[in-house]
Structure formats: structure tokens, C-alpha cells
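K.L.:
The lines below spell out each chain.
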Amino acid sequence: MIDIVVNWRRPLAFVLAAAFVCASQFHAGDALAQSGALAEKIQLCSACHGEDGNSKLEKIPSLAGQPAFYTLNQLFLMREGVRKVEAMAPIVKDLKDDDLTNLSQHFAALAPKRSDEAVDAALAKKGAEIATQRRCSSCHLPSLAGQEQMPRLARQRIDYLVETLKSYRDSPRPGADTAMSAAIAGATDADLTALAHYAASL
Amino acid sequence: MPIGGCDDARLRTGGHLSETLAKEDQPVATLGAALGRNGRELPHQGEACMSLSTSYRRGLIAAGSFAFLIAAAGPIAAQPGFSPMDKSNPAASKQDGNLKPHPTPPIAPSADKLPLDKIKLPSGFKAELWSSGHPGGRTMVMGDKGTMFMGTRVIGRVYAVTEKGGKREAKVLLQGLTQPNGLAFKDGSLYVFAINKVYRYDKIEDNLDKAPEPVELTANYNLPDTVHHNWKYVAIGPDGKMYVQVGSNCNICEINPGVHGQIRRYNLDGTGMEIVARGIRNTVGFDWHPVTKELWFTDNGRDWAGNAGPEDELNRIPKNMEGGNFGFPYCHAMGTPDPDVKRPNPCAGVIMPAALTGPHSAGLGIKFYTGDMFPKQYKNVAFIARHGSWNREQKYGYDVVMAKVAGGKATIAPFLQGLLNTEKNEFYGRPSYVFQMKDGSMLVSDETNGAVYRISYGEKK
Numbered sequence: 001m002i003d004i005v006v007n008w009r010r011p012l013a014f015v016l017a018a019a020f021v022c023a024s025q026f027h028a029g030d031a032l033a034q035s036g037a038l039a040e041k042i043q044l045c046s047a048c049h050g051e052d053g054n055s056k057l058e059k060i061p062s063l064a065g066q067p068a069f070y071t072l073n074q075l076f077l078m079r080e081g082v083r084k085v086e087a088m089a090p091i092v093k094d095l096k097d098d099d100l101t102n103l104s105q106h107f108a109a110l111a112p113k114r115s116d117e118a119v120d121a122a123l124a125k126k127g128a129e130i131a132t133q134r135r136c137s138s139c140h141l142p143s144l145a146g147q148e149q150m151p152r153l154a155r156q157r158i159d160y161l162v163e164t165l166k167s168y169r170d171s172p173r174p175g176a177d178t179a180m181s182a183a184i185a186g187a188t189d190a191d192l193t194a195l196a197h198y199a200a201s202l
Numbered sequence: 203m204p205i206g207g208c209d210d211a212r213l214r215t216g217g218h219l220s221e222t223l224a225k226e227d228q229p230v231a232t233l234g235a236a237l238g239r240n241g242r243e244l245p246h247q248g249e250a251c252m253s254l255s256t257s258y259r260r261g262l263i264a265a266g267s268f269a270f271l272i273a274a275a276g277p278i279a280a281q282p283g284f285s286p287m288d289k290s291n292p293a294a295s296k297q298d299g300n301l302k303p304h305p306t307p308p309i310a311p312s313a314d315k316l317p318l319d320k321i322k323l324p325s326g327f328k329a330e331l332w333s334s335g336h337p338g339g340r341t342m343v344m345g346d347k348g349t350m351f352m353g354t355r356v357i358g359r360v361y362a363v364t365e366k367g368g369k370r371e372a373k374v375l376l377q378g379l380t381q382p383n384g385l386a387f388k389d390g391s392l393y394v395f396a397i398n399k400v401y402r403y404d405k406i407e408d409n410l411d412k413a414p415e416p417v418e419l420t421a422n423y424n425l426p427d428t429v430h431h432n433w434k435y436v437a438i439g440p441d442g443k444m445y446v447q448v449g450s451n452c453n454i455c456e457i458n459p460g461v462h463g464q465i466r467r468y469n470l471d472g473t474g475m476e477i478v479a480r481g482i483r484n485t486v487g488f489d490w491h492p493v494t495k496e497l498w499f500t501d502n503g504r505d506w507a508g509n510a511g512p513e514d515e516l517n518r519i520p521k522n523m524e525g526g527n528f529g530f531p532y533c534h535a536m537g538t539p540d541p542d543v544k545r546p547n548p549c550a551g552v553i554m555p556a557a558l559t560g561p562h563s564a565g566l567g568i569k570f571y572t573g574d575m576f577p578k579q580y581k582n583v584a585f586i587a588r589h590g591s592w593n594r595e596q597k598y599g600y601d602v603v604m605a606k607v608a609g610g611k612a613t614i615a616p617f618l619q620g621l622l623n624t625e626k627n628e629f630y631g632r633p634s635y636v637f638q639m640k641d642g643s644m645l646v647s648d649e650t651n652g653a654v655y656r657i658s659y660g661e662k663k
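Residue numbers (my numbering), protein chains in the order written: chain A, 1 to 202; chain B, 203 to 663.
One or more of the hints may lead you astray.
[As the list claims (entries may be wrong)] Derived Cβ-Cβ restraints for the label pairs, each shown as a range:
1) A:Asp116 to B:Asp319: 49 to 55 Å
2) A:Ser143 to B:Leu331: 36 to 42 Å
3) B:Gly367 to A:Ser137: 51 to 57 Å
4) B:Glu418 to A:Ala190: 33 to 39 Å
5) A:Ser137 to B:Asp441: 45 to 51 Å
6) A:Glu129 to B:Lys296: 47 to 53 Å
7) A:Asp116 to B:Val374: 38 to 44 Å
8) A:Ala190 to B:Val374: 39 to 45 Å
9) A:Asp98 to B:His304: 22 to 28 Å
Just so you know, these hints were derived from the structure itself, not from any lab. The model shown is predicted, which means the values in this text are computed figures rather than measured ones. Glycine included, each C-beta is placed from N, C-alpha and C at the ideal position.
Modelling step: build the complete structure from the supplied sequences, incorporating the hints.
P.N.:
Have a look at this one:
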């Protein structure tokens, strides 16, 4: 398809390399295609996103506690090619609708934990103010736990959040309500970093 | 970034689109005089420029330090909007802060789980399932050979619904597009408008198994690069031109009226752009009155200004008032000044709606009925699919209403109901677009359920 918006416009080599390395341990998409067992699929996801759904890898998002609808939506959009994430493409391509539903529900039930990234208290405070100005809570809830199609931001990895917020601002990431690009319009890099520290601190 | 003067880049849009701003107390009367050709910018009128600058400055003062942030962030500074910063104030609206848009499921329920039995219609009408299994299907256009094409939003697909051996089959024709809501069909070609991308698929109905490489028309149409409210609705008018929605890039903000909040028309290849209406928040449905040939369009009112509204609008562009101003962001509904974006005489020169269509009801598709199947009092009545509210504590809409037109105004009456349970405050479906079939029956798409219902009259149950 032609209408490809590369949302990881500056995909960091590290991210892809890391993802491919972890994925290859389980023979990437093949394992999923051949295995009907949910447990094996979860194991494949866990290789990068963390055993308990809390990622320890740079710029790889935590999935624990994500609203099931959000994860389902994103898996679907990556499978369809609306949202392009190279590392994920071979992994999601053969997933069936039922797989998407089951995986989403699995990760929604896990407990979100903070990553080991250092949260800067001053930045988090500034981020809280910006979050109020930009009314993040009107969709993501005051706790930033997310709901339905809106992701959990609380306790998400800082590096992932910064990268994602930039992609919404600079090359509007598809597969989300376009309200997100309006919500983040005009924010500076420093604002986005502060927002990420705030969310991670919760 | 210059913010005070008139002679600045805010009124230009990538060297392509330009417009002389009308005096505020009168709508632009003629297009030819108002628009530059081929990207030549015409001199601005002094008065209009001054008052615009004034309101712009006020916006900036209100936004305070954001002006600096906007200037500092590269990509946004290059955007043509007057103020990309949303100015809505949910706290002042006193609405439940947890209200949020309803998601569209990417997986549709099976045919036996559809809410067909909940649908209520006037006596003599009947609803039946026409097609299902096309998650997120919204807009409908039909090819000359009977293929129904359906556009979607987030899901990124265009479906082709065909009939084989008496059974209807929905297949994914295109996927991976960014919100391809805008579809049009002409001379064997399907036009697909995704957000800021335009493609034409020639001889599409002969190639439904594998869509041919499209002709890309994006550069010709040169639509603004903002995404919010820019999933497209398009339709080919009685004049053979392509009419294209360009929404306002925020819930409520100071838009550049030369760029956002418009309906435009183009030659089919994307040349010859003209602005036919402006000051529109977001229309995602329009049709032409069968007799007067005037363009009627739905317009979704702003959010976070209270549960009561401002109400959505049904508008018409009166003859000789093309290019006219419909009020956004300063003036809503039948003359309600905006609480967050203010200026003196906010409604001066604004063309008032033909009818109000309810608070947050989200009127999308509109179709004037010209068939012979329905009783004759339905002739030339506009059917409007109301997608249903999200920014309202007590849900509203989720139905199809009729607009009975008389003398340029319209009265709204219920038609298809039952998909909203007001007691439980829950909904079972979201009517999105209406389509009139050759036999005079009417199709209603339900985005949430990935289904299309056929409404007929006088047929056996």
C-alpha cells in the first residue's frame, strides 16, 4: 500500500536490533503461525515486553495493565499495516482475530510496574502541570491508567513515551484518534520529556 | 514568527491556497473575486485583516506562553493554522471529565449478534440486514456495476461489497490507509480520500480481486497537512466537481479561515480549487437538494462547552452565497457566541443553520430522498444519520432523523430509532451514513457493528 506513514520515522537501530534479537530466539513469526497455543504466543511477546509485561528494554513499551481494547487495536493496526513497526510486522502478520483478543486480555490483567529508569522529580512536577494544561486526563483518566482505546501512560517507560509523543507531534502516528495530534500540537521536546517523567512516576 | 501584522505567512498555505478575507459583516459573495488563481495571493482587505489580527492577538494573550512554545516547535510553526493550541476548557463546561470518544471495534460481531431487532421505524417501514462483517464500515458509494464501496476511519480499510449467488460478500479491497473515509465514484474510477492522501483507482470494478495501482492526486489537491478533523468526506456535485471537506484542526481554536474549516470544490483531477463555504467546524456529510440544487451539509458542534451544546447544525449554502461564513470558531448554532474564543459581534455576517440537530448528536451522512418506494411525503426529505454523542453525560442521537425542508429552513423529526437506551444510557449501534438504492430502499451503515441495514417500505415482513 502506498499510504504508509512511517511513524517511527527515526527508528533507532538499537530498538530494531534488540527486538529482532529477542524475537529470533523464538523464530519470530513462524513460531506464532505454527503454534496454536496462547502460552507460546505470550512467551514470544514476553521476550521483549517483559515476562510480566513490564519491559526492561529501551524504547520497548510495557504492556502490563494496558486496556485490552488499546492493545487489541494496536495489534490489529500493525497487522493491517496501518501502523508500521518493522520489528512487530513479522510477529503480528499471521495472528488471527481471536489471538489479538486473547493476547490483549492477557496483558490487561498483568500489574503495571515502574521501569528502572530514573524519574526526575522536578521534571515529573513540570510534567504534571503540562498534563493539566493539555488535559491528558480527559481521555487517559486522572490516574493516566487509560481506558478502552486510550493507552495506559502511568508507569510506562520514559524513553518509549518520549519517542511516541514525538511521533504523534511530528509525523502524526496513525491508528489513534486524531485528537492526540491536536492535544500535543506545539509542545517542545522538553515538554514531552517532562510529560514522560510524570507518567512514569505514577 | 510574525504575529501582529497582516503581511505574514499565516494567510498562505504552501503557496497554493489563498483567499481574500471577507469583511466580517458580510459573507463572501463571489468566488471568482475572492480567490487567487494558481496560488497567487491577492492583497488582503485592510479592515478584515485588522480585525482578524485583533482576535488572533487576543487568542495569543489567552494562550499566554504557548505562543512562544508554538514558535519554538519547528513543525508546528510551519503549520498554517492560526493557533493549533486547543482552547477548550472542560472544567468550565462542568461536564464529567471522564467523557471520551467511543472506540470503534476493529472486530465486528457476527450477524446473529446485530441489534436489528432493536430498530424502530415508522409504520409500514422495515429494517433488514443488508451486509455485515466489515468492521468500521461507514461511507458508502456504489459503482456502476453494483459494487458497494465502503470507507472507514481508524481501521484503514476500504471494503468492496458484492453480490454472489444471492449472497452479499464483503471483502477488504484496500488496507493500510490512514482513515480513508472519503469515497467517490465516477466513470469507472473509485476516488479514495484518506487523511491528506488522494488516489484514483481506474476500472476498479473489473479488478476487485486485486486493486490496480492507483493514480495519486495528492499533490494536485494539496490539502493541509494537519490530521485532526481531516478524515475526509467527499462527493461529486451536480456540476461534476469534487466537493471536499477540510475540517478545523482542533475542538475549538482560532483557525485560519483560508485553510481550515471549509468545504472546497475541485476539478476531479484536483485542479481549480475554490472555497465554497468556510467557518465550519467539521462537516462529514453533504448532499444537494434535488430541486434547488443547493448544497446542504451537517456540521458537528464543539465539545467541552456543556452537555446542552452548542447543538450540531444542518446548514445550507444559499444561492449566491458561496464562500460564505458559517461562524466557527466564534459563533455556533443559532447565534451562540463561543465561551472560549471570543471576539466582538461574533455572529455578524454568519449564515445561520437551516436547523439544529441536537447537542453532540454527531450528524454525519445526509441524503435527500428521491426514490419512489417511500410514501410521497418523504420525497425530497433529507435523512441524516446521527452517529451519537460522546461529550454528553446523557447519551443522545444514535439514530436517523428526517429534515423536512421548507423555504431554506428545515424541521427535524425522528425516523430510525431504538439503538439508544436512554434508561440505561447505553447504545447498540452508531448510524453513520445513508445511501439510497435504485429500488428506492435506503441503506444505513452502522460503524460500530460493521453492518449495513436496508430500510424498505411496503414490503412483506
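K.L.:
Each hint needs a verdict: does it hold in this structure or not?
P.N.:
Hints, verified against the model:
A hinted range of 49 to 55 Å holds for the C-beta pair Asp116 (chain A) and Asp319 (chain B), which are about 54 Å apart. Distance hint for Ser143 (chain A) and Leu331 (chain B): a CB-CB separation of about 41 Å, consistent with the stated range 36 to 42 Å. The given range of 51 to 57 Å is respected by Gly367 (chain B) and Ser137 (chain A), whose C-beta atoms sit roughly 53 Å from each other. Look at Glu418 (chain B) against Ala190 (chain A): about 38 Å separates their beta carbons, and that is inside 33 to 39 Å.
In this structure the supplied range 45 to 51 Å holds for Ser137 (chain A) paired with Asp441 (chain B), their Cβ-Cβ distance being about 47 Å. A hinted range of 47 to 53 Å for the beta carbons of Glu129 (chain A) and Lys296 (chain B) is inconsistent with their spacing of about 23 Å. Distance hint check for Asp116 (chain A) and Val374 (chain B): the Cβ-Cβ separation is about 42 Å, which falls inside the suggested range of 38 to 44 Å. At about 42 Å, the beta-carbon gap between Ala190 (chain A) and Val374 (chain B) stays in the expected band of 39 to 45 Å.
Roughly 23 Å separates the CB atoms of Asp98 (chain A) and His304 (chain B), a value that falls within the hinted 22 to 28 Å.
In terms of the numbered hints stated before, the structure departs from hint 6 and from no other.
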